[in-house]
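*Asks:* Given next are the chains, with one letter for each unit.
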Amino acid sequence: MADQSLLLRSLVELADNLVDDFDVVDVLSLLSHRCVEALGVSAAGVMLAGPSGALQVIASSSDAMRTLELFQLQSDEGPCLEAYRTGEQVVNLDLAAEGSRWPRFAPRAAAEGFRSAHSFPMRLHRRSLGALNLLRAEPGALSEADIVAGQALADIATIAIIQHQVIIDAQTLNTQLSAALNSRIVIEQAKGKVSQATGTDMDQAFRRLREHARNHNLRLAELASKVAEGTVSPGSLDQLRSEK
Amino acid sequence: MASERLVRLLGLLAGGEGPNAVRLCVVAAEVTRTTGAGVMLLADGRPQASVCTTDEVSSLIEEAQYTLGEGPGVDAHRLGMVVSEPDLAAAGGSRWAAFSGRAFGGGARAVFGYPVRLGVVRLGALNLYRDEPGPLQGEEHVNALVMADIAARAVLAAQAGATLRAFHIDIDEDLYLWGAVHQAAGMVSVQLGIPVAEALVRLRARAFLTDRLVSDVARDVVERRLRFDSEE
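Those protein sequences? They're chains P and C, same order as listed.
All letters in the first sequence, in the order written, are residues 97 to 340 by the numbering used here.
All letters in the second sequence, in the order written, are residues 111 to 342 by the numbering used here.
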C-alpha cells in the first residue's frame, strides 16, 4: 500500500530535480529508490530501449547483480517487455502462476524470493521508450492508488529522459537514448573500479559515486567518467556517511 | 535474445564474401543509405588507423582526417557526440576549413561522424558520406547508432583475437549482462593497473581462450571468484 505522504514528498523531490540541471542516471536512480519506499515494493528498475530496440537497465534501486539480472532478463520476456511493446500496464502478476507465460523470468524471479512483478510503460507521443518495473516479495496486490502512483512515476521517468526538450523529434530522442545508455556504461565501469579499489560491493560503490558527486557539486556522469578514465582515483572518493 | 533490428544487422554482417572488417563498413553504408563508410580508430584524440573503408572517397575522408586532424570523425570521437554536416557546400568550409575542401573535392556532399565507444572506452568513429546533400533520417540514423555500437564491439573482439563466431556470441551476450562486463572491466583495470579499454580486451581474450562466454567470465570476476592479478 502506497505511503501517501512519502509519495508526495518523492514527487516534490523529483520535480525539484527536473527543473534544475540534472543527470539522467542520477535522477532515475533516485526515482527507483523512492519507488521502493513509497510503493512498498522490494525492487524497482527503469529499463530503456536503445537504438537497437533492445531494452536495457538504465537505473535500479539495487545494484546487486542478481537484482540487475532479473530486470535485464526482461529484455527477453516478462512484464517489462510486454508493457514496452503494448504500451499497456502489466500489473499484479503472480509469478508463481506465470510460469508458462514467462518460462525463464517467472521461475528465476520466484527463486529470488519475489512474489509479483509489475511494469508501467514509459510512453511519449504514442512511442514507448521503455518501462518502470517493480518486483515485490510481500504477498498481496498493488492497490488502485499504487497503480496510479506507479504510472505517474513512470511518466516522470519519461520526462527525465527527454531532458527539457519541449519539442522532441525522433532523431534527437534516439540520440538522447543512446547517450543515456552510454552514460550508464560509464557508471558501470566506474563502479567496477570503486568496488575493486575499496573492497565494497557494487551497491556501495554506486552510492559512493553518487554521494561524492553530490558532496562536491559534480554531475554523477562527470565524476563517473573521471573515475573510469583514471583522472580521479577510485579509492579517493569520500566515504559513505553510513560508513563513518 | 536480440531485437529484430540487431538480428537483421548481424545477419547482414554474417553474409557476403569479404573479410569481416570490410563487411562492417559495407553493411554500415548499406543500412544508413550512404554512399560510403569508414571506421577510424583514434587514440588521444588523434587518428591512428582505419579498420575499413568502402571506396576511394571514404578512404580519402579518413586520410584527410589523419593528415589534417580535423573532420566529422575526429569531432565525434572527441565530443562523444554524433556530428552531422548534411551540406558541405553550404557550410562553405566554416566548420573544417581544410577537411571540407578535400572531402568536397573528392565528391562528398554530406558527411557524418558517429562515435565508436563503450562508456569511457573511446575507440574512434564511424565516418559516413553521401554524394548528395541531405541529413540522415529516422531509420538511417538509428542504424548508424547501432552500427557504431557494433563496430566498438568488433574492434575490441578483434583486439582480443576473436573468431567471427565468437564475435557474434559476444554481441548477443553483451545485451544481457553488459552491466557485469563493464563492472568486471573496471575491477580488472584496478587489479592490473591498466586502462578500462585494455581490461575489456583482456576479459574477451580470456573468454575466447577458455571457450566461455564473456558474460560468464565477467560474472566470475564480479562475484570475486576470478582475479586477473593472481597469475601475474
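Treat the hints loosely; a few may be bogus.
[Unchecked claim] Covered by chain P, per the in silico footprint, the following chain C stretches (three or more residues, Cβ under 8 angstroms):
1. 228-239
2. 255-266
3. 295-306
4. 327-338
[Stated by the list, open to error] Partial pick of chain P residues on the chain C-facing surface, computed with a CB cut under 8 angstroms:
5. Val153
6. Pro235
7. Ala237
8. Leu269
9. Asn270
10. Thr271
11. Lys287
12. Ser291
13. Thr327
14. Asp334
It is worth saying that the hints were derived from the structure and are not from the lab.
In this text, a Cβ means the ideal position worked out from N, Cα and C, and glycines have one as well.
*Asks:* Hint by hint, note whether the structure agrees.
*Replies:* Consistency of the hints with the structure:
| no. | hint | in the structure |
| --- | --- | --- |
| 1 | 228-239 | holds (count 4) |
| 2 | 255-266 | holds (count 3) |
| 3 | 295-306 | holds (count 9) |
| 4 | 327-338 | holds (count 3) |
| 5 | Val153 | 7 angstroms, holds |
| 6 | Pro235 | 30 angstroms, violated |
| 7 | Ala237 | 30 angstroms, violated |
| 8 | Leu269 | 10 angstroms, violated |
| 9 | Asn270 | 5 angstroms, holds |
| 10 | Thr271 | 6 angstroms, holds |
| 11 | Lys287 | 6 angstroms, holds |
| 12 | Ser291 | 6 angstroms, holds |
| 13 | Thr327 | 10 angstroms, violated |
| 14 | Asp334 | 18 angstroms, violated |
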